[in-house]
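**Q** As given, the protein sequences belong to chains A and B, one line each in that order.
Residue 1 is where the first sequence starts when you use the working numbering, and the numbers rise one by one after that.
Residue 1 is where the second sequence starts when you use the working numbering, and the numbers rise one by one after that.
Some clues are possibly wrong.
Cβ-Cβ distance ranges computed for the label pairs, FRET-style [unchecked claim]:
id, chain 1, residue 1, chain 2, residue 2, range
1, A, 76, B, 28, 50 to 58 Å
2, A, 75, B, 67, 47 to 55 Å
3, A, 95, B, 296, 41 to 49 Å
4, B, 349, A, 37, 54 to 62 Å
5, B, 165, A, 40, 16 to 24 Å
6, B, 230, A, 125, 51 to 59 Å
7, B, 362, A, 139, 28 to 36 Å
8, B, 121, A, 76, 39 to 47 Å
9, B, 319, A, 57, 52 to 60 Å
10, A, 136, B, 349, 40 to 48 Å
11, B, 230, A, 98, 57 to 65 Å
12, B, 204, A, 40, 29 to 37 Å
Short derived list, chain A residues pointing at chain B, Cβ under 8 Å [as the list claims (entries may be wrong)]:
id, residue
13, 51
14, 58
15, 68
16, 73
17, 140
Note that these hints are calculated values from the structure, not bench results.
Backbone N, C-alpha and C define an ideal beta-carbon position, used for all residues, glycine too.
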Amino acid sequence: MSLRPDLALIAAHIPAGARVLDIGCGDGALMAALRAKGCDARGMELDPAGVGACVAQGLSVIQGDADTDLAFYPDASFDVAILSQTLQTTKRPDRVLEELLRIGRRGFVSFPNFAHWRVRVSLLWEGRMPVTRLLPVAWYETPNIHHLTVSDFRDLVSERGIGVEDAWFLSGDARIGAWAANWRAEHAVFQLALPRG
Amino acid sequence: MPQGPIPTTSAVLDLAQPLPLDGGQSLENARIAYETYGRLNPARDNAILICHATTGDQHVASPHPITGKPGWWARTVGPGLPIDTDRFFVICANVIGGCMGSTGPASIAPDGAPYGMRFPVITIRDMVRGHVALLDHLGIARLYAVVGGSMGGMQAMSLAVNWPEMAGRVLVLAATAAMPAQNIAFQEVGRQAIMADPAWQGGAYYGTGQEPHAGLSVARMSAHVTYLSEATLSEKFGRRLQDRAAKSFGFDADFQVESYLRYQGAAFTGRFDANAYLYITRAMSYFDLAEDQGADDHGTALAAAFAGSRARWCVVSFDTDWLYPTAESRKIVHALTAAGAAVSFVELAAPFGHDSFLLDVPALDQVIAGFLA
């Protein structure tokens, strides 16, 4: 089973043996890959079917809500905390991001870029909320309630004093360069950390 | 799938040492009645202790000796089932204070007469002390897993907290870390029903030819309602009348639900001792896993109780369980999270209320099998 490209990117940048919290872990695909490389991976997932699938694989996953249930994790209790395709589904993405970096010494965040040119074309020419490969659900039933763009995200982390250690951009399933990423990237992955000290 | 009776070993352990109790007394000549299924492997590391619920017993997967009905978890425990007896050595013991062979209020005290209300008030941890004594006897230093629903879940948590080296995995179904007021209240109703029955005789009814069946039956009826869901009751009975075309304008069991409850209450008196019901529900009411921790905030105290747990935990609740609702499981999960324990939690959708952990919930089977894999 091949890992979703953003998850494969994240997995490749997590050291073996790390303690990892995957917030919004879905069916546990990333956790299973991390476990295979010796990580102690824990997860949180809102959908009970996803939790069931994880537990059935022997993964430790809590059914919970990123907006409310992260508060119970101690500070710096994980080497890495991950929000893959989850930030845009939360009620308060800014607070969830702060929690991410309170719990994890390092954070990975991946999200669909709402400023991708296809989204812009859809809005500009059709005047309608886009339905794309990465945003496949109509506006009224999408779980993505806080759409954001690469530039929005860069603004938020800079405003909150969060350091960007690395960033990767995807178009289709392929890596692309950072040049004009806010137009060209369908999907972005950021590696974050709070400044030390 | 439920199958025929599986190979079972029934046994009784007479404890050589008095069993110390939380109340300060100790139990002399205590006896633990238990059953085992499957084989203990040479490494002695494949044992699963199943802890039974309030009115359960050690007959987890063998026919009940009085009712002849299949064991209370025969759908879950057996060859190829979620708790696979081809792989695991499964142990289930009747709790002390019970009435299926372990020492309880109906047992004979050292003075030759039944204990009755002279039996010491016991706690969930005392029940677990009995289990630990049994495990010592069986030569099991560490369980592959300890498993329980409802009061069984309380025992499983108590074992994991008080004997942390003994629990490899802890599976807690439809339980609570501290008995909520609503549950204490329902249990008090049940106990008062028993004690209000003149046949109870201050608990000294053994050998008098009279037993508090009416009181115990009412206790069971009120408790039984709390195990079900409104949806189950509506679907099963609605407002349908029992064997009659019209209301009787009397106090017969006009409604099917009344008839059903009366039957459940009466059937219960045939297999359960009223004093045992008093003692076991008392132990549940007293249960607070965090009470020894001293922190003001219960969540903090509970996290302290779980601190250092190296077991893997799995906590399951059911969306229609209003007796041990999901909020209670979440408190356990939040405290385990704060303690850094490896915990899984899921609220499963199931229509059967608190009893869901005993019934046909395929998602539960998958969680149990996956967690024990």
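**Q** Hint by hint, say whether it matches the structure.
**A** Structure-based check of all given hints:
Judged by the Cβ atoms, the range 50 to 58 Å given for residue 76 of chain A and residue 28 of chain B holds: they are separated by roughly 52 Å. Taking the beta carbon of each, residue 75 of chain A and residue 67 of chain B are about 54 Å apart, inside 47 to 55 Å as hinted. At about 27 Å, the beta-carbon gap between residue 95 of chain A and residue 296 of chain B misses the expected band of 41 to 49 Å. For residue 349 of chain B and residue 37 of chain A, the Cβ-Cβ distance of about 34 Å falls outside the hinted range of 54 to 62 Å, so the restraint is violated.
Under the hint 16 to 24 Å, the C-beta atoms of residue 165 of chain B and residue 40 of chain A, about 20 Å apart, fit the expected range. At roughly 52 Å, the beta carbons of residue 230 of chain B and residue 125 of chain A sit within the given window of 51 to 59 Å. Distance hint check: the CB atoms of residue 362 of chain B and residue 139 of chain A are about 35 Å apart, consistent with the given range 28 to 36 Å. Evaluation of the 39 to 47 Å hint for residue 121 of chain B and residue 76 of chain A yields a pass: the beta carbon distance comes to about 44 Å.
Evaluation of the 52 to 60 Å hint for residue 319 of chain B and residue 57 of chain A yields a failure: the beta carbon distance comes to about 23 Å. Evaluation of the 40 to 48 Å hint for residue 136 of chain A and residue 349 of chain B yields a failure: the beta carbon distance comes to about 25 Å. For the hinted restraint 57 to 65 Å between residue 230 of chain B and residue 98 of chain A, the CB-CB distance of approximately 41 Å leaves it violated. Taking the beta carbon of each, residue 204 of chain B and residue 40 of chain A are about 57 Å apart, not inside 29 to 37 Å as hinted.
A least Cβ separation of about 4 Å between residue 51 of chain A and chain B falls short of the 8 Å threshold, and the interface hint therefore holds. With a cut of 8 Å, the hint placing residue 58 of chain A at the interface with chain B holds, because the nearest CB-to-CB distance is about 5 Å. Interface restraint check for residue 68 of chain A: the shortest CB-CB distance to chain B comes to about 10 Å, outside 8 Å, so the restraint is violated. Interface hint at residue 73 of chain A: satisfied, since its Cβ lies 6 Å from the closest Cβ of chain B, which is below the 8 Å cut-off.
A cut of 8 Å between beta carbons decides the hint on residue 140 of chain A: the least distance to chain B is about 24 Å, and the hint is violated.
Of the numbered hints listed earlier, those contradicted by the structure are 3, 4, 9, 10, 11, 12, 15, 17.
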